[in-house]
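Now for the letters of each chain:
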Amino acid sequence: MSVTGAPSKRKVLVTLSRPLFAPDPSVRFADELALRLNAVEGVESEVMALPFRPSEEERLLDDAALCGLLRTLNVDRMVALNFPAYLLPFADKVVWLDAHPFAGETDPTAEGRPLQIRRMIRAADIEALSRSPRLFCATERLRQAMAQWCGVDAALLARPEGDERRWSRAIAALLA
Amino acid sequence: MDVAICSSFMPFVHGGGRFIVEWLEQTLAARGHRVERVYLPYVPGPETMFSQMTAYRMLDLAESADRLIAIRPPAHVIRHPNKVVWFIHHFREYYDMWDSPDRPVPDDEAGRAVRDRLVEADTAGLAEARAVFTNSQVVAGRLARYNGVDGEVLYPPIFAPERFTCAGHDDEVVYVCRVEPHKQQHLFVQAMVHVASGVRLRLCGTGLNAPYLERLRALVRDHGLEDRVTLDLRWIGEDEKAEVFSRCLAAIYAPHDEDSYGYPSLEASHSSKAILTTTDSGGVLELVQDGVNGWVVEPEPRAIAQALDALYRDRARTIAMGSAARERLGALRIDWDHVVARLLA
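Going down the list, the sequences are from chains C and G. The numbering used here numbers the first residue of the first sequence as 1 and each following residue consecutively. The numbering used here numbers the first residue of the second sequence as 1 and each following residue consecutively.
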């Protein structure tokens, strides 16, 4: 009898929101991240890209709520890369942001965003991000903006952009 | 045409539910359409079933795609003015399996209310579609019975079927698919205790049910079948799978009460190999005709053993049934040209 069986690997789901039928750099970044995670021994990774239309403000609340209602299974760690994908509830979630639609806004009605939308998104962010074991921001400016926006204390983790040493550091941080 | 293919999925689980999506995506793209695959997570269970379906319902793809093709449930509840549903199964524990031990809610007033609301939601989502297709007559029958929906059977082909060829016939009957209790691999291992010929059995595939994998190993060990049964319990790639089918004597696909014929049946047919299945296999019986392109036997080890012996001993008939299996694909219009024409009509 010949019996073979692959040992189970740690499952890392890279999650993001993205527009359909439009080139989006976040998709390429997610694909590369999953590729690099798959290269780590004992890890398997795939990308889950949720549809999102970032230009439509009136949809923001719906899309945020939608992500909050979804559930996922058979995942050991989630790495969420942007808004509103990180609102998907998951116990072992790492959030790594390089942008946020509201962070940095100090005027409640900035860019015409109604105060009510801001308040509800902020409440959702506080709920989701305060529960994440780790929150990373790609720039110091964003890190400070997120602290101001919803009071979270993020760590700085730059997006590697081809730098192998930065990639190694990033992968280690995301899997820690 | 800009086409969004929407389907629920379980991360890191690969199989038929994904193949139908990804092969359709590749096929449409090869025909010049712009295609986006939208996989949405879904966790079974009554506690969050409706809230997750609400999330699907909240998706707004109306202006993003010219056509939405919904496949694995509950993707059919997504709204779109040009929605086509290729319905591959219900949440059966609330439908035809309501009276089974798998029923997720009690059969009381509250439980039945959950079931009835699900049926209403399914029916409403399906009614919005410009067309509803199913992957089998079995599923079409359930749609008619429970939802009052008239679904057209549109059999899912496999991608690049030319990969599957016949390179001969050795002594092995192969069962290539996920290894799970409802696939009934154990019946075939048990049958090997009773075979009287030189036929060999090979099981290929992996599964999430560790106790079942161990049960199969124990069956082989306890019955001393090591020299006649090969357990290759791992995910095998497409090329390796094609090679396994190309040289085998015949193939098995015998799930318990499955909705469709299953891709392993198609892969065997494209490889011109006879198919052994069981009378309880559900949609497989739409493809396999007893004594024509394979054998249909009772799901019982001795009956299976007789069929395995017949495949081995009457090799000429086994080869003829393999040829008939390939011809059967054309008779059922299992090809991508037909699928694309119907889904985009």
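The set of hints was computed from the structure by calculation and includes no laboratory data. A quick note: this is a predicted structure, and the numbers were derived from the prediction, not measured. Hints may contain errors.
Residues from chain C that keep clear of chain G, each with C-beta distances beyond 10 Å, as calculated [what the hints assert, rightly or not]:
(1) Pro51
(2) Leu70
(3) Asn74
(4) His100
(5) Phe102
(6) Ala138
(7) Thr139
(8) Glu140
(9) Ala158
(10) Glu161
(11) Asp163
(12) Trp167
(13) Arg169
(14) Ala176
Derived pair list, reagent style SDA-like, types lysine to any residue, alpha-carbon separation capped at 20 Å [as the list claims (entries may be wrong)]:
(15) Lys9/C with Glu25/G
(16) Lys11/C with Glu57/C
(17) Lys9/C with Val43/C
(18) Lys11/C with Thr206/G
(19) Lys11/C with Asp76/C
(20) Lys11/C with Glu46/C
(21) Lys9/C with Arg92/G
(22) Lys11/C with Ala176/C
(23) Lys11/C with Asp92/C
(24) Lys11/C with Gly168/G
(25) Lys9/C with Leu208/G
(26) Lys11/C with Arg117/G
(27) Lys11/C with Gly15/G
(28) Lys11/C with Val13/G
(29) Lys9/C with Met10/G
(30) Lys9/C with Gly15/G
(31) Lys9/C with Val13/G
(32) Lys11/C with Trp235/G
(33) Lys9/C with Leu225/G
(34) Lys9/C with Val152/C
(35) Lys9/C with Phe12/G
(36) Lys11/C with Phe12/G
(37) Lys9/C with Trp235/G
(38) Lys11/C with Met10/G
(39) Lys9/C with Arg37/G
(40) Lys9/C with Asp337/G
Even glycine gets a Cβ: it sits at the ideal position worked out from N, Cα and C.
Against the structure, the hints:
For proline 51/C, the condition that its CB be more than 10 Å from all CB atoms of chain G is violated, with the nearest at approximately 6 Å. Distance check on leucine 70/C: its Cβ comes as close as 5 Å (rounded) to a Cβ of chain G, failing to clear the 10 Å threshold; non-interface status is violated. Its closest Cβ contact with chain G, about 5 Å, brings asparagine 74/C to no more than 10 Å, contrary to its assignment away from the interface. Residue-level check passed: histidine 100/C sits 21 Å from the nearest beta carbon of chain G, beyond 10 Å.
Every beta carbon of chain G lies more than 10 Å from that of phenylalanine 102/C, the smallest distance being close to 20 Å; the non-interface claim holds. For alanine 138/C, the non-interface assignment is confirmed: its Cβ lies about 24 Å from the closest Cβ of chain G, beyond the 10 Å cut-off. Every beta carbon of chain G lies more than 10 Å from that of threonine 139/C, the smallest distance being close to 29 Å; the non-interface claim holds. Once the 10 Å rule is applied to beta carbons, glutamate 140/C is consistent with being away from chain G; the minimum gap is 33 Å.
In this structure alanine 158/C is separated from chain G by more than 10 Å, as the shortest Cβ-Cβ distance comes to about 27 Å. Its beta-carbon lying about 26 Å from the closest one in chain G, glutamate 161/C satisfies the requirement of being farther than 10 Å from that chain. For aspartate 163/C, the condition that its CB be more than 10 Å from all CB atoms of chain G holds, with the nearest at approximately 29 Å. Once the 10 Å rule is applied to beta carbons, tryptophan 167/C is consistent with being away from chain G; the minimum gap is 23 Å.
Listed as a non-interface residue, arginine 169/C keeps its Cβ farther than 10 Å from every Cβ of chain G; the least gap is roughly 26 Å. Once the 10 Å rule is applied to beta carbons, alanine 176/C is consistent with being away from chain G; the minimum gap is 21 Å. Taking the CA atoms of lysine 9/C and glutamate 25/G, the gap is near 28 Å; set against the 20 Å cutoff, the hint is violated. The suggested pairing of lysine 11/C with glutamate 57/C is violated, with an alpha-carbon distance near 34 Å, which exceeds 20 Å.
Taking the CA atoms of lysine 9/C and valine 43/C, the gap is about 5 Å. The hint holds against a cut of 20 Å. For the hint linking lysine 11/C to threonine 206/G, the alpha-carbon distance of about 16 Å falls within 20 Å, and the restraint holds. Between lysine 11/C and aspartate 76/C the CA atoms are separated by roughly 5 Å; this keeps the pair inside 20 Å, and the hint holds. For the hint pairing lysine 11/C with glutamate 46/C, the CA-to-CA distance comes to about 8 Å; that is within 20 Å, so the pair holds.
Distance check on the hinted pair: lysine 9/C and arginine 92/G sit about 30 Å apart at the alpha-carbon level, beyond 20 Å; violated. A threshold of 20 Å between alpha carbons decides the hint, and for lysine 11/C with alanine 176/C the separation of about 14 Å falls inside it, so the pair holds. Distance check on the hinted pair: lysine 11/C and aspartate 92/C sit about 11 Å apart at the alpha-carbon level, within 20 Å; holds. Distance restraint check for lysine 11/C and glycine 168/G: the Cα-Cα separation of roughly 39 Å exceeds the 20 Å cut-off, and the hinted pair is therefore not satisfied.
Of the pairs offered as hints, the one joining lysine 9/C and leucine 208/G holds, with about 12 Å between alpha carbons and a cut-off of 20 Å not exceeded. Distance check on the hinted pair: lysine 11/C and arginine 117/G sit about 34 Å apart at the alpha-carbon level, beyond 20 Å; violated. Note on lysine 11/C and glycine 15/G: the hinted pairing holds, with a Cα-Cα distance of about 17 Å set against a maximum of 20 Å. For the suggested pair lysine 11/C and valine 13/G, the alpha carbons sit about 11 Å apart, so the restraint of at most 20 Å is met.
At most 20 Å may separate the alpha-carbon atoms for a hinted pair to count; lysine 9/C and methionine 10/G meet this at roughly 16 Å. Among the hinted pairs, lysine 9/C with glycine 15/G is consistent with the structure: their alpha-carbon atoms are about 18 Å apart, no more than 20 Å. A threshold of 20 Å between alpha carbons decides the hint, and for lysine 9/C with valine 13/G the separation of about 13 Å falls inside it, so the pair holds. At roughly 16 Å between alpha-carbon atoms, lysine 11/C and tryptophan 235/G fall within 20 Å of each other, so this suggested pair holds.
A distance of roughly 30 Å separates the Cα atoms of lysine 9/C and leucine 225/G; the hinted pair therefore is violated under the 20 Å criterion. Pair hint lysine 9/C plus valine 152/C does not hold up; C-alpha atoms about 31 Å apart against a cutoff of 20 Å. Using a Cα cut-off of 20 Å, the hinted pair lysine 9/C and phenylalanine 12/G holds, with the two alpha carbons roughly 10 Å apart. For the hint pairing lysine 11/C with phenylalanine 12/G, the CA-to-CA distance comes to about 7 Å; that is within 20 Å, so the pair holds.
Between lysine 9/C and tryptophan 235/G, the direct Cα distance comes to roughly 13 Å. Compliance with the 20 Å bound is thereby established for this hinted pair. As the CA atoms of lysine 11/C and methionine 10/G are separated by approximately 12 Å, the hinted pair is consistent with the 20 Å bound. With a C-alpha separation of about 25 Å, the suggested pairing of lysine 9/C with arginine 37/G is violated against the 20 Å cut-off. The hinted pair formed by lysine 9/C and aspartate 337/G fails the criterion: a straight-line CA distance of about 39 Å is larger than 20 Å.
Hints 1, 2, 3, 15, 16, 21, 24, 26, 33, 34, 39, 40 from the earlier list are contradicted by this structure; the remaining hints agree with it.
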